[in-house]
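Chain B: place on chain A using the hints.
2 protein chains.
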Amino acid sequence: MNTQSVVERIREIIDDDTLVQLREELETYHVADLADIFQELKPDERLTCFKLLDVEKAADLMEYLNPQIQVELLGDIDEEMASRILTKLPHDAAADVLGDMEDDESETYLDKLPHKFSEEVRELLTYDEDTAGGMMNPVVLTVNSDMSVKDVLNHIRISATEDNMELYYVYVVDKHNHLMGVVSLRRLLTSPINQKVQDIMISDIVKLHVDDYSDFIIDEFMKYQYNALPVVDLYNRLKGMITWDDVHDLFEEETTEEILQSSGISTEVVDEDEILSGNMFKAIRARTPWLFITLLGEFVAVHVANHFEPTFSLLPIVAAFMPLLAGLGGNIGTQSITLMVRGLSTGQVTMSSALHHIIRETCIGAMIGLFFGMIVLLATWGWKDSIGLGCVVGLAMAVNMTMATVIGTLTPLALKSINVDPAVASGPVIATTIDVVGLLVYFSLVSIYLVHIV
Amino acid sequence: MNTQSVVERIREIIDDDTLVQLREELETYHVADLADIFQELKPDERLTCFKLLDVEKAADLMEYLNPQIQVELLGDIDEEMASRILTKLPHDAAADVLGDMEDDESETYLDKLPHKFSEEVRELLTYDEDTAGGMMNPVVLTVNSDMSVKDVLNHIRISATEDNMELYYVYVVDKHNHLMGVVSLRRLLTSPINQKVQDIMISDIVKLHVDDYSDFIIDEFMKYQYNALPVVDLYNRLKGMITWDDVHDLFEEETTEEILQSSGISTEVVDEDEILSGNMFKAIRARTPWLFITLLGEFVAVHVANHFEPTFSLLPIVAAFMPLLAGLGGNIGTQSITLMVRGLSTGQVTMSSALHHIIRETCIGAMIGLFFGMIVLLATWGWKDSIGLGCVVGLAMAVNMTMATVIGTLTPLALKSINVDPAVASGPVIATTIDVVGLLVYFSLVSIYLVHIV
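These protein sequence lines are chains A and B, in that order. Residue numbering for the first sequence follows my numbering, beginning at 1 and increasing consecutively. Residue numbering for the second sequence follows my numbering, beginning at 1 and increasing consecutively.
In case anyone wonders, no lab produced these hints; they're calculated from the structure. Do not rely on the hints blindly, as some may be mistaken.
Below, a list of computed lysine-lysine pairs in the DSS-like style, where the Cα atoms sit at most 27 Å apart [as the list claims (entries may be wrong)]:
hint, chain 1, residue 1, chain 2, residue 2
1, B, Lys-223, B, Lys-207
2, A, Lys-150, A, Lys-175
3, B, Lys-223, A, Lys-223
4, A, Lys-223, B, Lys-57
5, B, Lys-175, A, Lys-223
6, A, Lys-207, A, Lys-42
7, A, Lys-223, B, Lys-150
8, B, Lys-112, B, Lys-150
9, A, Lys-196, B, Lys-57
10, B, Lys-223, B, Lys-175
11, B, Lys-116, B, Lys-57
12, B, Lys-384, B, Lys-416
13, A, Lys-57, A, Lys-42
14, A, Lys-116, A, Lys-207
15, B, Lys-175, B, Lys-116
16, A, Lys-57, A, Lys-116
17, B, Lys-207, B, Lys-196
18, B, Lys-150, B, Lys-196
19, A, Lys-57, B, Lys-175
20, A, Lys-112, A, Lys-57
21, B, Lys-416, A, Lys-223
22, A, Lys-175, A, Lys-196
23, A, Lys-42, B, Lys-223
24, B, Lys-196, A, Lys-150
25, B, Lys-150, A, Lys-196
26, B, Lys-57, B, Lys-88
27, B, Lys-42, A, Lys-416
28, A, Lys-150, B, Lys-150
29, B, Lys-223, A, Lys-88
30, A, Lys-57, B, Lys-223
31, B, Lys-207, A, Lys-57
32, A, Lys-51, B, Lys-42
33, B, Lys-416, A, Lys-42
34, B, Lys-42, A, Lys-207
Simulated restraints, written as ranges between beta carbons of each label pair [stated by the list, open to error]:
hint, chain 1, residue 1, chain 2, residue 2, range
35, A, Asp-44, B, Phe-292, 51 to 57 Å
36, A, Asp-233, B, Lys-282, 22 to 28 Å
37, A, Pro-43, B, Ala-414, 28 to 34 Å
Glycine included, each C-beta is placed from N, C-alpha and C at the ideal position.
Isolated chain A, as found in the complex (with noise of 0.2 Å):
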């Protein structure tokens, strides 16, 4: 599918108010390409397609819109339609959007939607929602142990006809709904239909807790590899499921903040949606903290460099290398940063092997510090037709990157062994930290070379 040409056939039927035809090509798409539709429509030409759907419809593609244009549909329609919408969804979905909106507009529909459902909601909407209770949904399927798989069976064909109960496993609980087990939708379908269900369910569960935070959530999904983890309360007792739909974006979202956080933006305080296309305030308060430290090392840097002032006046050229220097120790060493903040993050680098990991970098730092300072040696000999200040170049190249390497590469494995995050702007840091001492090897080599040589 071409969305742009989606979007542009859908413009012309909309300027043609041929409604009919609209709804007829709107059902043709699978929701998750009208949500990409949607993306590019503008919001009256949104609203006019949304208002086609029929409510099954407009409830599934809801799931796949970002939260800004969910709350603008549903703002949009009227609150009778949008009410019903809403007690289509998941309740963890329906949480988010009402989450999403102003409290006084969420309240509103709330008191619109059935008890039940707005009560569960409600919950919800209680926990933290970077924690597993407020990304769980807590319409699950449960049995008794003592069912038989042809009694689960029957529960099933009645209970999981609902549309916001999501079907991956079975979960047996005791009669105070404390967690006692799971049976996979397989193993039910492939056990003799007389057969306990507490003779087949696997009752060393992997669970997560209501107060576990997204990052933990995610570790254990990407460990075990679960279409689903239950979510128990403090006493064991089942309160919900996350699937790995949710994971999935929760995912993406902390990939971003890690990728985000590398190059000094910081996501703490504002939301990484809003840094590339909310309030431009936001985006500049993301951006501006470790720029002023950056500010801050650089200023060290022109202090150093400050303090070799008189070499400048005495053989000027040597103020043309310091881009040379500083860029590649910044980029060999950025390199460092990277694979060691990404290891970290998938696990590939661990703490027990932190020296490994030192030793081999510092090695391969050396090696290609090396080769680019002979290479610079050559090229400023030819060029400058001096083998004194090539030596002093390309050996300032050599230390420069090997260093680079080697600060590059500690620097995330010392903050991982203080708790400290190392995403968290070691770039930005360790960038100057590396300008700084690069200016310094440099100017020494300088200085001996000047004093002893020329």
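Here is chain B on its own, set in the frame of chain A:
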């Protein structure tokens, strides 16, 4: 579970040579935990533990281990046992393990495996491992459209007990194995048992083609959020299916590649695992190409600076500000690159919204630039007691930061518009460009200052 302490306990048990106790200890862990433990053990300890597992658990564990350890363990146990473990694996997992072995080694195993299984695995090995064909599991539960729900449930009861079948959806095919529709287990379990499959199946199917590449597969899974997608050949014949957990690993790999590329590490010729822990020369090969580009770019910067050599003799302090300008320009430019590359990758930035983002980023860059320019102006004025120099450095800073933002925003979008992956080495190229342009601006301002004011 604290992996480190478990590993130590296991080492103690191995040293005491009490294998019965070791077997009991190992049985208490989930295979995902065992995989973490195995990762930390030494090869001989790993082997001792692996030999104690029963075939079922050993096969389960295989799927959680990394390829290196999989091949190592299978090579070290006797071939009989290795074959039994392989036949318990889903075909795609078995093909992955065999694909990672030397050709003659994998042939030895393939000859030992049951004929049907080895034929199916051989077929998988003919596909490129980055395509749907190379990733799919060919064992899929299929039914005919005129079967009733009851027939299907009976069919599942008989067929789905094989270890290597994954069960998420039931696929409906005609007698030539052409894919006609799909039924979810939930739909199956909640439909009347006499209903025909053709009445409950979805025939508008999201499917993959055997030749589809991994990035397309990821996009489809991310977009439609299904647990599994069917894979068909050119003639719409069902060949297998891919499940979300396969895609999850793929997604993590692609994300790692995107992150490494953005810092100028080439992942095209060298596998990303090897960059962190393989042969050192491969790591060097992955890291040097973009360092060379930086080297060439920075030689241009050196040339620019060299052109202004007389300035350094006249007003040597000018040189000292170079790292400050380059550092902050590089930092804010990197922020913009990161935002654009990530936004393009997640779909938050589209080509139709490109102009909006360019304007928005430029405004943000200008505002931050003016702000930092002002700070630098005041700091320099105060430090060197020269308002003229302060103005030059402050203005250079403002222009530099604004331009860095524009270059950092425009370049990824321009690359994308000519269908070049913007993640590939945008970073180093743009950083170098910003350095060169920044120096030109700075020295031009300095020259004007020297001519007109001093």
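Tested hints:
A hinted pair counts as satisfied when its Cα atoms are at most 27 Å apart, and Lys-223(B) with Lys-207(B) qualifies at roughly 13 Å. As the CA atoms of Lys-150(A) and Lys-175(A) are separated by approximately 20 Å, the hinted pair is consistent with the 27 Å bound. Taking the CA atoms of Lys-223(B) and Lys-223(A), the gap is about 23 Å. The hint holds against a cut of 27 Å. Taking the CA atoms of Lys-223(A) and Lys-57(B), the gap is near 16 Å; set against the 27 Å cutoff, the hint holds.
About 40 Å separates the Cα atoms of Lys-175(B) and Lys-223(A), which puts this hinted pair outside 27 Å; it is violated. The hinted pair formed by Lys-207(A) and Lys-42(A) fails the criterion: a straight-line CA distance of about 43 Å is larger than 27 Å. With a C-alpha separation of about 36 Å, the suggested pair Lys-223(A) and Lys-150(B) falls outside the 27 Å cut-off, and the hint is violated. For the suggested pair Lys-112(B) and Lys-150(B), the alpha carbons sit about 38 Å apart, so the restraint of at most 27 Å is broken.
The hinted pair formed by Lys-196(A) and Lys-57(B) meets the criterion: a straight-line CA distance of about 24 Å does not exceed 27 Å. At most 27 Å may separate the alpha-carbon atoms for a hinted pair to count; Lys-223(B) and Lys-175(B) exceed this at roughly 31 Å. Between Lys-116(B) and Lys-57(B) the CA atoms are separated by roughly 23 Å; this keeps the pair inside 27 Å, and the hint holds. Between Lys-384(B) and Lys-416(B) the alpha-carbon distance is near 45 Å, which puts this suggested pair outside the 27 Å criterion.
Taken as a hint, the Lys-57(A) and Lys-42(A) pair is honoured in the structure, with Cα atoms around 20 Å apart against an allowance of 27 Å. A C-alpha spacing of about 26 Å is found between Lys-116(A) and Lys-207(A), which places the hinted pair at or below 27 Å, so the restraint holds. For the hint linking Lys-175(B) to Lys-116(B), the alpha-carbon distance of about 21 Å falls within 27 Å, and the restraint holds. Taking the CA atoms of Lys-57(A) and Lys-116(A), the gap is about 23 Å. The hint holds against a cut of 27 Å.
Restraint check for Lys-207(B) and Lys-196(B): satisfied, since their Cα atoms lie roughly 23 Å apart, inside the 27 Å limit. Restraint check for Lys-150(B) and Lys-196(B): satisfied, since their Cα atoms lie roughly 9 Å apart, inside the 27 Å limit. Among the hinted pairs, Lys-57(A) with Lys-175(B) is inconsistent with the structure: their alpha-carbon atoms are about 33 Å apart, more than 27 Å. Our distance criterion of 27 Å between C-alpha atoms is met by Lys-112(A) and Lys-57(A), whose separation comes to about 21 Å.
For the given pair, Lys-416(B) sits about 34 Å from Lys-223(A) by alpha-carbon distance, which is inconsistent with the 27 Å threshold. Between Lys-175(A) and Lys-196(A) the alpha-carbon distance is near 17 Å, which keeps this suggested pair within the 27 Å criterion. This hinted pair checks out: Lys-42(A) and Lys-223(B) have alpha carbons roughly 21 Å apart, not beyond 27 Å. Using a Cα cut-off of 27 Å, the hinted pair Lys-196(B) and Lys-150(A) holds, with the two alpha carbons roughly 21 Å apart.
Taking the CA atoms of Lys-150(B) and Lys-196(A), the gap is near 21 Å; set against the 27 Å cutoff, the hint holds. Between Lys-57(B) and Lys-88(B) the alpha-carbon distance is near 10 Å, which keeps this suggested pair within the 27 Å criterion. Restraint check: the Cα-Cα separation between Lys-42(B) and Lys-416(A) comes to about 24 Å, which is no more than 27 Å; the hinted pair holds. Between Lys-150(A) and Lys-150(B), the direct Cα distance comes to roughly 13 Å. Compliance with the 27 Å bound is thereby established for this hinted pair.
Annotation: proposed proximity of Lys-223(B) to Lys-88(A) holds, straight-line Cα distance about 21 Å (limit 27 Å). Restraint check for Lys-57(A) and Lys-223(B): satisfied, since their Cα atoms lie roughly 16 Å apart, inside the 27 Å limit. For the hint linking Lys-207(B) to Lys-57(A), the alpha-carbon distance of about 21 Å falls within 27 Å, and the restraint holds. Simply put, Lys-51(A) and Lys-42(B) have alpha-carbon atoms about 63 Å apart, too far for the 27 Å limit, and the pair is violated.
Using a Cα cut-off of 27 Å, the hinted pair Lys-416(B) and Lys-42(A) holds, with the two alpha carbons roughly 24 Å apart. A C-alpha spacing of about 30 Å is found between Lys-42(B) and Lys-207(A), which places the hinted pair above 27 Å, so the restraint is violated. Remark: the range hint 51 to 57 Å for Asp-44(A) to Phe-292(B) is upheld by a beta-carbon distance near 52 Å. Against the hinted window of 22 to 28 Å, the Cβ-Cβ separation of Asp-233(A) and Lys-282(B) comes to about 50 Å, which falls outside the hint.
The given range of 28 to 34 Å is respected by Pro-43(A) and Ala-414(B), whose C-beta atoms sit roughly 29 Å from each other.
Of the numbered hints listed earlier, those contradicted by the structure are 5, 6, 7, 8, 10, 12, 19, 21, 32, 34 and 36.
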